[in-house]
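Student: Residues per chain are reported as follows:
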Amino acid sequence: MSTEKVKEAIAKVLPDVETVICWQGGFDAIHATPCFVSSPEQIDKVIWSPLCAQNLASYLPSMKKKVGIVVKGCDSRTIVQYMQEGLIDREKVVIIGIPCTGVVSVKKILKEIGHEAVLDASFDGSGSITVRTPKGEKTLAIADVCPDKCRTCQYPTPLVYDHLAGDPITSDKPKESVYQDIREFDAKTLEERKAYWEKELDRCIRCYACRNACPMCVCQDSCIAETREPHWISQKLSLQEKFMFHMIHALHLAGRCVECGECDRVCPMDIPVSKMKKKINAEMKELFNYETGVNPDDKPPMFTFNVDEVKIKEHKL
Amino acid sequence: MPDTGYLPKEKVKDFIRELAKDAIVHVPCLEGETVVFRPFSEDRELCLERPANTPPKSIIYPQSETLFSFEHKKDPEDHQKMSVELKVDIDAPGTVIFGARPCDARGFVIYDRVFIDTDTPDPYYKKRRENTLVVTLSCAAPFPGCFCVGVGGSPAGKEGTDAMLTEIAGGYIVEPVTEKGKAILNKPMVEDGSTRLKDAQQAQQKAHEAVKNPFAGGMPNISPELFDADPFWEQALSKCVSCGACTYLCPTCYCFNITDEQVYGKGERIRSWDACMFFHFTLEASTHNPRPTKFQRFKNRVGHKFVYYPEKYEGAIACCGCGRCIRYCPVSVDISEIVNDLGGGGKKEQQPAGSAKND
Amino acid sequence: MRVGVFICHCGNNIAGTVDVAKVAAETRKLPGVVYATNYMYTCSEPGQEEIKQAIQKENLDRVVVAACSPRMHENTFRKTVEKAGLNRYFFEMANIREHISWIGEDKELNTNKAIEAVKMAVAKVMNDKPLYSSSFKVNKRVMVIGGGVAGMQAALDCADGGLDVVLVEKSPSIGGMMARLDKTFPTIDCSICILGPKMVDVAQHEKIKLYAYSEIEEIKGYVGNYQVKIRKKATYVDWTKCTGCGACMEKCPTRNAYDHFNFGVAPTRAINIPFPQAIPKKAKIDPTFCRQFTKGKCGVCAKICPTGAINYEMEDEIVTEDIGAIVVATGYGLFDLDKFPEYGAGRYPDVITGIQYERILNASGPTSGHILRPSDQTEPKTVVFVSCAGSRDKSLGVPYCSNFCCMYIAKQAILTKDHVPDSQSYVFYMDIRSPGKGYDEFTRRAQEDYGVKYIRGRVSRIYPKGKKMVVRGADTLLGTQVEIEADLVVLATAVISAPGAANMAEKLHISYDTFGFYVESHPKLRPVETNTSGVFLAGACQGPKDIPASVGQGSAAASKVLSLFSKDMLESDPAIAQVNINACVGCLKCVKTCPFQAIKEEVLRSGKKVAKVIETVCAGCGVCTSTCPCGAIQLQHFTDNQLLAEVNAICQS
Amino acid sequence: MSVVAEKELRVVGFLCNWCSYGGADTAGVARFKQPTDLRIIRVPCSGRVDPLFVVKALLTGADGVLVSGCHPRDCHYTDGNFYARRRLEMLKRLLPFIGIDERRFHYTWVSASEGQKWQQVVAGFTNRLHQLGPLHAKKENEG
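Chains as they are written, first to last, in the working numbering: chain B, 1 to 317; chain S, 1001 to 1359; chain G, 2001 to 2653; chain A, 3001 to 3143.
Hints are computed from structural coordinates only; laboratory data are not their basis. For glycine and all other residues, C-beta sits at the position ideal for the given N, C-alpha and C.
With a cut-off of at most 20 Å between alpha-carbon atoms, the simulated PhoX-like pairs for lysine-lysine come out as follows:
#, chain 1, residue 1, chain 2, residue 2
1, B, K92, G, K2609
2, S, K1074, G, K2022
3, B, K313, A, K3117
4, G, K2107, A, K3007
5, G, K2029, S, K1266
6, G, K2608, B, K66
7, S, K1212, B, K135
8, G, K2029, S, K1073
9, G, K2229, G, K2140
10, G, K2107, A, K3033
11, G, K2394, A, K3117
12, B, K135, S, K1206
13, S, K1073, G, K2022
14, G, K2609, B, K66
15, S, K1081, G, K2057
16, S, K1182, S, K1011
17, G, K2592, B, K299
18, A, K3092, B, K313
19, B, K65, G, K2608
20, B, K64, G, K2608
21, A, K3092, B, K194
22, G, K2209, G, K2281
23, S, K1266, B, K236
24, S, K1081, G, K2029
25, S, K1074, G, K2029
26, A, K3092, B, K285
27, B, K316, A, K3117
28, A, K3092, B, K316
29, B, K311, A, K3092
30, G, K2608, B, K92
31, S, K1021, S, K1011
32, A, K3092, B, K188
33, G, K2600, B, K299
34, G, K2609, B, K65
35, B, K236, S, K1087
36, B, K64, G, K2609
Label-pair restraints from in silico Cβ distances:
#, chain 1, residue 1, chain 2, residue 2, range
37, S, I1258, G, S2606, 22 to 32 Å
38, G, S2566, B, R90, 53 to 63 Å
39, S, K1312, B, A225, 29 to 39 Å
Make a model of the complete structure from these sequences and hints.
Tutor: This is the structure in structure tokens:
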């Protein structure tokens, strides 16, 4: 993982494209922010480090001209899914892939440092980050502060790319671990699950950060959470309405969620937004042996069918 | 009676219980990793260590409120006749906001100008504001993204506050700001804090110095050319995902929408927060939208806070520098950076009038 | 909005278990409703008149009728409100009969449920939008699928009515089951003698284009404008050259080919003409038996054919026909002997089916009309007929009655006596069903004039004993066991749906019942229509029926086609999907799921990509609406908001 | 005004016009007695039933939701119920995850000729719901 390799790749790609979507440093030392490089002199500000958590692929469908993009393994699933759904023209995207061993979750770092303002932060290259605050320094293992998705990452190397900045790496995480959290939640009682969601979703402020940051939420400005034609939910702030919004979000992503975790990352209220979608993904895997964003030739399961569904049994009363 | 109180740490809960006797007391509570204001009850986990994720603005200015309810009524004698029955409830119970931060309280001052200090005050807001006691807690240190001092605030600012607590060793110094605030010194848990006021002032001073000031050289003089230049916004906002996190978490954003929500002949007229980041903001019935892109809409957000509001209210900036929009932005858009860039290097001479007036 | 609600008593059908006056009274309290009344028979002429008058007098702009099922009378009332000047889609029906008064016993609960049903309908009607049909041109060609007697009748009637007809038959000749029969009941008329001329008429009719030995590959389109792909199966004989002389058949060295026409009673040649009266009278090769295909060498027929018509390289050919309506007359199939283990499961050569016996009786059949039993070609003296072999048998066969077996058994028993005067026939039966004109007299004649012995009871077992077949059964009238040593046993096997009936229904988008018979639009009042407009039914594909019934349905279907085609233009159903181009984000998921390929991509002048519905192709299923995440494509008359209004009326008020 | 308290639960049924609505009619014509709780919404095809309708009903007051369409392969629109089957199965598996008993949602196939099956479906589902009891706490002035 080196910023230099990424910069080299960007320099190589830039003459061919309008802009290259990548990361730069953010407002403090533990934040990265997306940046759009369109001239060689801007390459200097580009960074690549475990801070680069954002899934930049989300910007692709709105791009009109040919662009370059830097993606991690997990982000590449978004591109594959876009290809499945015909949402991007692959010819107009130059992909710089980065083999990635894991990023950091700012929320988890902040928890570790007591939400203090950050003065400085550095990576030592051996899997830890040292953060300095007015109260002192703290060194954290990236493995301890990575987003949950990194813990079970199956695709550290992008599944689709034109240039690879680094050598491919393979996952050392067991495949069964991916839906372990879902199975654990399934094991709870119905009442526990109900109470869980009522508590979590009650915090929702309907800011739609989860929706807008979601690479697969294609509706964006036309989202039925805000329209009156059709009028699915009202502007009341009841739990019922919040629940309904999250169900809309989940059902519209059924068999489409690429598990990039952006919704969880961006939620200012720390709601586990991705959980319902992950549950559906687990079921899609079980029912149709379908995994999102892995094979560009797959068909999303909700937009196709088999005349004989082997796994769907008629329900008895 | 002393002018300054002292509240020992161990008595904080008792103090809140005392307040809760004749008011609903909203306190910052920890839920998982999130701090949110909740009406106090014994099972809540109080969190005074850091600002709440959401400011307490919704307690006085709810995210969604019923202006009135209506019901179509049939005349029992003549079913061809129908009338509409309206029910309005603007009553507000006695409320205390405990543990808000000075920036949060300062937000209310920005709203007061709009909703109360006008010829046509908003009865809903006014009633709630009047019936609410705001007890703030000054910040001992800045948090990621904070820049209150840049917009004329302070980690121990007292605007909009009725009484302010400052943490010192063993407890909190209680400084009343308004008459309403003075009353809490009478509560049995509050001791005389006069002698230790200076400890608090020292802490306040230290905190003030620790806060980053993005406008250290003075408030940028926003360039009208840059402000109206589309490429500027396109450059600055390409990464924005147009969600409403910044506006809904902002203690000073107050745009709203009014909708009728009805099912089968009865319903309510709802006033709910709008967000200029959303496409539906200013979307007209004809489907024309004067602000069709996120660039134009973000321009409105910056303009409202740093240009239009100051123009209307004697230079007062409609930003309290709480830093939430930076802290919680999915893509780390930094409004202070944008305002600085809009200045193009030019600085205003003085501090914002909003704060100067009250000093 | 001014909604009028009309609550029907339906005589006592509704008013018996629903307090209709209370429903009307409660309805008057609903916002939007300015008029509500109850009436004895709303669908009657005065009932409809009352609706029209109320629309005028009360200035109604929406109408709800609470009565029977909308599947029954929605169209009736739509026309009523239209005549009174309202858009026909400003009308809703609340089904308070089939779904309430007829199924609920508690009057209070029924009444409350009826009030709610009205409320839902009012909520829906207040969200309804006016819709307008557009008209489209009709292609006045009709396709008849199946060349049996029903299909032939339909084809001839349509052709005589001036329509161009495309007749598709899957076997090499038209004629169907009737062509295989020896005589017909109750007249003992020669079957082929009365059918043959009809077959010739079909062949010679200038308006009828016949595709024999062809099958339906694919059907696309909608009423008035279907495109049908037909697979012309390879016959390996160029029919433009074949004269039907039969020389090839005579010389063909393969003598063990399965004879489909004779139901395998005797073998045939690998190249054959199915029967002397075949239309078209052309030869075809069965490649599963032909040595040229199985062994790669022979070529006898090619050498012998005087016109050089043999072509071993022939392949299936697909042709497309554009047509406007379809008559389905695909006939029936027969229950398999293999399904009867207690009757030998098809292992005993002298246990045969009724249709096989027809061929044995037939003068042009394999025995030239001499009754010879299959095992040893001797004349049987004792013949046992077993009725209901599979019919009215829930455990082994089908629960329904096969309609015509009682009659043909009587006929075959009579013919047996005619052919072999010293023979004795026995019939095991459950009930004798002979309700047609002259039918009962016919079965009596069999018993009284021909000495056929009818034994009321079922056969439990058939087993061989020397050269005889022992038929063991019960005589329930005498209460005894019966054993008859027979020379030949004829089973009246159950009539089942034609092979591939379900598959054909799927191509046609019509419904079929549990047994594969096609479902008519209404069992009493729309017996030859289907729920797919432009598709009609004739003959036994709809259920077992005899020749006169099949012919009658063939004519009925033809008259439906003729009346459909009496107009040059048809009105489209406006309840189809519509795209709101402002909301559409161009993700085109609807294009992926539309079952009719009725949605395509369109690029607006602004460069924005959106979905566009091809109005004439859209069938109005609404799959697109539930696919569209942003609610931009809405099925008219069943929009999200309209359905939500109903959901909310139930759940939130 | 609503369902009759204590005696009925709120049950919403989405029936396709061609098969199940016809099946319910057939049951009616044959006078097959059924519990009165069910409120029927007619849709052209089970493929029209967005799973969100089911969720909306369950969240806003329904105690149970029933969706019934044509048997697979027998859809009037050829493929509509194939999509419905996938979507509704997905929903059925998601509901318990969010704390709603999946037994409160049933989807099935009833043809226009199956009046008896329709009776069994309505009776069976309604009985099941009565065993489960109401989903929502009694509402005061819900609007």
